[in-house]
Each structure stands twice: as structure tokens, then as C-alpha cells.
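Visitor: For chain A, the structure is supplied; the task is to place chain B on it using the hints.
Protein sequence lines correspond, in order, to chains A and B. Position one of the first sequence corresponds to residue 1 (the UniProt record's numbering), numbered consecutively onward. Position one of the second sequence corresponds to residue 1 (the UniProt record's numbering), numbered consecutively onward.
Keep in mind that the hints were calculated from the coordinates and are not lab data.
Under the rule of at most 30 Å between Cα atoms (straight-line distance), these lysine-lysine pairs were calculated in the DSBU-like manner:
#: 1; chain 1: A; residue 1: Lys351; chain 2: B; residue 2: Lys260
#: 2; chain 1: B; residue 1: Lys351; chain 2: A; residue 2: Lys260
#: 3; chain 1: A; residue 1: Lys145; chain 2: A; residue 2: Lys37
#: 4; chain 1: B; residue 1: Lys288; chain 2: B; residue 2: Lys13
#: 5; chain 1: B; residue 1: Lys351; chain 2: A; residue 2: Lys351
There are 2 protein chains.
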Amino acid sequence: MSFKDIIKDIRSKWMEGSGANGDIVISSRIRLARNLKGIPFPQQLGEEDASAVKKMVKNAVAAEVIKDFPTVDFTSLTELDMMQKQILVEKHLISPNLLEHARYGAVALDQDEAVSIMVNEEDHLRIQCLLPALQLNEAWRTADKVDNGLEKTLDYAFDENFGYVTACPTNVGTGMRASVMLHLPGLVTTKRAGKFFSALSQVGLVVRGLYGEGTEALGNLFQISNQISMGRTEEEIINNLSGITQKIVDQERETRQLLKDELGISLEDRVWRAYGTLRYARVMSAEKALSLLSQVRLGIDLGLIDGLDPRILTELMVMLQPGCLQRIMALEMDEDMRDIYRARLLRERIKIDNI
Amino acid sequence: MSFKDIIKDIRSKWMEGSGANGDIVISSRIRLARNLKGIPFPQQLGEEDASAVKKMVKNAVAAEVIKDFPTVDFTSLTELDMMQKQILVEKHLISPNLLEHARYGAVALDQDEAVSIMVNEEDHLRIQCLLPALQLNEAWRTADKVDNGLEKTLDYAFDENFGYVTACPTNVGTGMRASVMLHLPGLVTTKRAGKFFSALSQVGLVVRGLYGEGTEALGNLFQISNQISMGRTEEEIINNLSGITQKIVDQERETRQLLKDELGISLEDRVWRAYGTLRYARVMSAEKALSLLSQVRLGIDLGLIDGLDPRILTELMVMLQPGCLQRIMALEMDEDMRDIYRARLLRERIKIDNI
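Isolated chain A, as found in the complex:
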């Protein structure tokens, strides 16, 4: 399977949506930062060294990771066009940050798109495992396996006292960032989200928007992750995040039920109006679409809307982004045109028969 084929199919493993608490936890992600001994960090890297890093990782992937992930595909970012790179970002398989370092960057992906390895982002390697629902332990096991496989070939920069050496001090130690993407329309609607989130920093967690640091919380979607990766084991970090996530999930579920009981028909009205707008609008911004999709998804989760697979909404959240949209429509488009084709995509995909 070529890399272009992987990009062509919009679906990734994490969009499947099945698993524990899949109604609220969209995805779980483990990301390990690793660097090679004796080579400057990517920001200080010349072309020759950067190419050498790429080659080493490529060989390591080919030699070892292959055993468990037979179709891992490796490519330099220079081999991809802008739209393909954008799609990888929109699918959360590479970071927006890697695009800025695209000259020396590379990425390896397995067939399911559950595992991705970024090369020459902030660190030499960023090993990511992204799974649907609340599956931090599973994601950690997979990422750890890939990490161990690569380590047989690669010589990681590791300090006895501090742990894995990374470009940014916040990643030193385990080099791990564990995160979950949560859909929290209940807590947002009742204005409880803010209070909840401000308490998170006290337990070493941080909240971000849909596309990472600095992006807004569109569609009531939030990413919660550990702030510091030192002084705790990987298991401790995961247990902490899992426990807090479970608490947020419980609160969100309770709040949704409360909303359903208290608002009754007005809540039903709100989710169906959102459906009606998505079903018939002719022009639709990504931002507005996410907000409406969030309402519809809430309606599905609460049993107010029948006949729509909740997964279609996780997929649509990605599909309506500029790169994916242009790929699906096989058309290069400016923003105005994308708004028109986005509306068309939504109209087709969101249709429930006989209602």
C-alpha cells in the first residue's frame, strides 16, 4: 500500500468510535518523544544531519517495527503535496508543527493509522498511538512496543538522572504525553466546563482545543493531557489522566441527563434544528459545522435522534476540514467554495432516510 492510498481513505482507526466511554471520549493518544544520541535537536540540524536522522529512522522502521505492523509506510514530507500534508494534520496523524519543519520532516504510518512516527519535528522522533474511545493503556502498550522495536536499532539520548532527553524541558523524563479528546456539550452548555478545567492544572493536566495548543475548543471538543512527563512513571501518568477523564465523563454524562430532564422538548428542538440546518444549508463554515455536529451528536447520544451512526460525526469532523474536503471532492477550492462544498458533503452524509 502506498502512502497516497493511506491518505486517500479519510477514515483512521481512532474514528471508529467503539470502546469504553466512546460516547464522550472521542480518542486516546500516547505520544513518546525520543532523540538520537550525539545529534543536535532538529531545530539546530543542518540538511546533512537531518537526512541522516531520517535514514536511520527509516531503516529502524523497516527492520523492527515491521514485525508487528507489517504495512508501516515511510515518507519524507517533501514527497507529499500541500494538500496531503494538510490531510495528515486534519486526521491528527502529524502535528501542525511538523509542517513548519517540512523540509527535513518525515512520517511513518501503519495501515490502520493507529501508529504514526514523526521524524524531525521538535524531537528526532515522535512516536504516536491514537485509538478510539478511552484506551490509554492499550495505546501505551502499542506505543511502547513500537518504541522498543525502534530502540533495537536506534541509539536514544537517555540520561540516568533525568530520563529521555528532549528538546523542550516539559517532555524530559518519560518523554510521554498522554491525551484524550473529549466531547463535552453538557458541561459547556451548563457553563461548568471552565470551572472543571481550571482545577485540572492542579493535578498536572492541561486542556487544549481540537488541533492542539492555541487552537480553540470548536464543537465542544477538548484535548486533555499531562503537563509534565518527569518524576512519574508512564503508568502513573496514564492512571492519573484515566482517573480524571473518568470523573469528567461521569460529570458530563450526569449533566447530559440533567439537561434532557430539565430542558426536555427544548433540548430535542435544539438538536433537531441543528440537524435541519446541516441537512439543508447551502453554505457552511467549518467552525459552524462543528458546532452543529456537536449538537447532533449529543442528540444521538441521548437517544433523541435515531438512525444516524455516531461514527459518521467523528468522521465528518475530520472530513469537513479544508484538506480532506478538497481530497473528497477531488477539487482545489478557495474558502468560499469550500463552504459550499462542505455544505454539500454534510447534506449527503447526514441524511436519515424516511424522516
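Guide: Below, chain B without anything else, positioned relative to chain A:
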């Protein structure tokens, strides 16, 4: 046919929508004010005199009008319950004003509900003919025929110098009010309606909302009528109103085409979003429904929405009013409940198959 049957069927002649300029002119109305010689105006009328007036009109209707309108039905307002009276107002067959005088009021209606005769409103008689589209001349011919028929039995108060004597000086003379109901989303959207309307008073015309004086212009619907009925013949009044109406219609049509050309897909987006909201909302106020129906009707008129009969919207404008809605649902409801059942009615009626 009993009076209750007439009320049961929500459709009236004027809702048929066919005829000249029926895309913009919803209906045409001629109303003649008449009083009986030697009897005080209704406001000064005791029970005995009021009953006498009712009886005289009833007999006149039975004796004469019957020739051309075989099924004219006559009833005292005291024989109708509140909901039935409300329905007559919502269908524009009696005035809200008659309800306040309901103790002595009466009404006669023909089977098509094109002709209605109010008794003991502001004047002893108010003869009304209400037709779809721009048909002021036809409405005038019909009202005149009814008037002549009644005059064979009744002795009208008439002054050689002033003409027909009426309770309010603005009706003295011909006693006639001619009016048209216009749907003007184009002029309202482009904010040209106000300028147009302020010029109307200079040609002796006045603008009102959907349910007469003091009501707001909901759903971009306006009633335009002559302000004074003296010093001009009926034909002159009608020609003046018809001519101005034709000018407004031309402007509205031009503006709609302009909107379609200039806004393009955004206009399409707006009318389809309105459709989507009406199609799926679970709670809907009458005011908001009228505004959305106005958008949908504009979409139909401009060929942006296919598969919906424009007449259904004229009907829905009436059906969604409190009295009609309760009649259709066969249920007495408070305001909150009406909003829920109104949404249900709209969902059912506005459905286009296979889109």
C-alpha cells in the same frame, strides 16, 4: 351546511393563491361600511336595538343575498365558542374588533368564505369580499352585488352631500375600504420597504400588519388600504390602490431578482436553512414560523425550492395561529403546548418527498 362546518375547514377562498400577481399579492379585500337609518351606531346601541339590527340583517340576507350566494349562513357571535370566534379572526373573516362587541355581534358567511357580513361591529353592517391575488375589481363587483341585494330590504343611512353615514368619519362617503395583502421579503431584506411605505400616505394609502391596525408586519406581510373613503368614487379608490399595488409588485419582483443574482448561493442557503428549521424544529412560535415561512415562500417563488405548493404556505400562515391550531389538533392548549404542536404541524405539512 352549518356554520360550524364552515369553521372546521381551515381553507378559505382567498388562500387559493391563484390569479394575477399571486406570487406577491396574497389577497384583495373590499369592505363596505353601512348603517341603518334612524338607529344609533352600535357603540350607543342597547340590547333591544342591537337585536333588531341583527334580525333585520338576517332577514335581508335570507331574502336577497341568497340568490347569488345560496349557502350564506348567519349566526350570532354568542352562539360561537371562543375558539370558533378566534378562527374567524385568524382567517380574516371577521375583525378582532367584532370580538369586543361580541354580545351584540353577528356574522354571515358564504360557503367559499369569500363574502362575510359583520353585524354590529363599528357600523351596523360591514360587507366584506376577500379574494386571492390582485382582484380588487372582482371583489368590488361581488361586494357591490351583495350590497345592492341587501339594500332592497334594508334602509341605509345615506346623506346626499356626504354619502354613506358611518360611525367613524374616515369611512364616510363610499364607506369603502379596499385593501391588498402583500408579501414583500425582497423590499424588506433590502430595507426599501420603509421608504416605499412612507410615500404611500401621500397618495392616500395606509400600511398595516397582518392582522390589521396596530399589529406588526410579521412574515414580511403587509396590508395596504385607502385611508379616506370620501371625495372619490369606489372605482377611483380601487384604481388608485391597484395602480400603486402594481408598482410595488414590480419593485418587489425586481428586487427579488436582484437578490437572487447578487446573493446567489447565500440566498439559496438562507431559504433552505429556513426550510430545514421548519422541517425539524420541535418548538416554534407563530412569529418565528411566519418569518421562516416567508423565506421558504420566497425560495419557492424564485425557483430555489422545488416540490412545495406555494398555497400550502398561505394556508400555514393561518393554520399556525392559536385558534386554528387547536381546532386542527382537536385539543385545547396553552402557549407552550401550542409551540410544540405548531412545530409538529409544520413538520408534517412542509415535508418534500425525496429531498
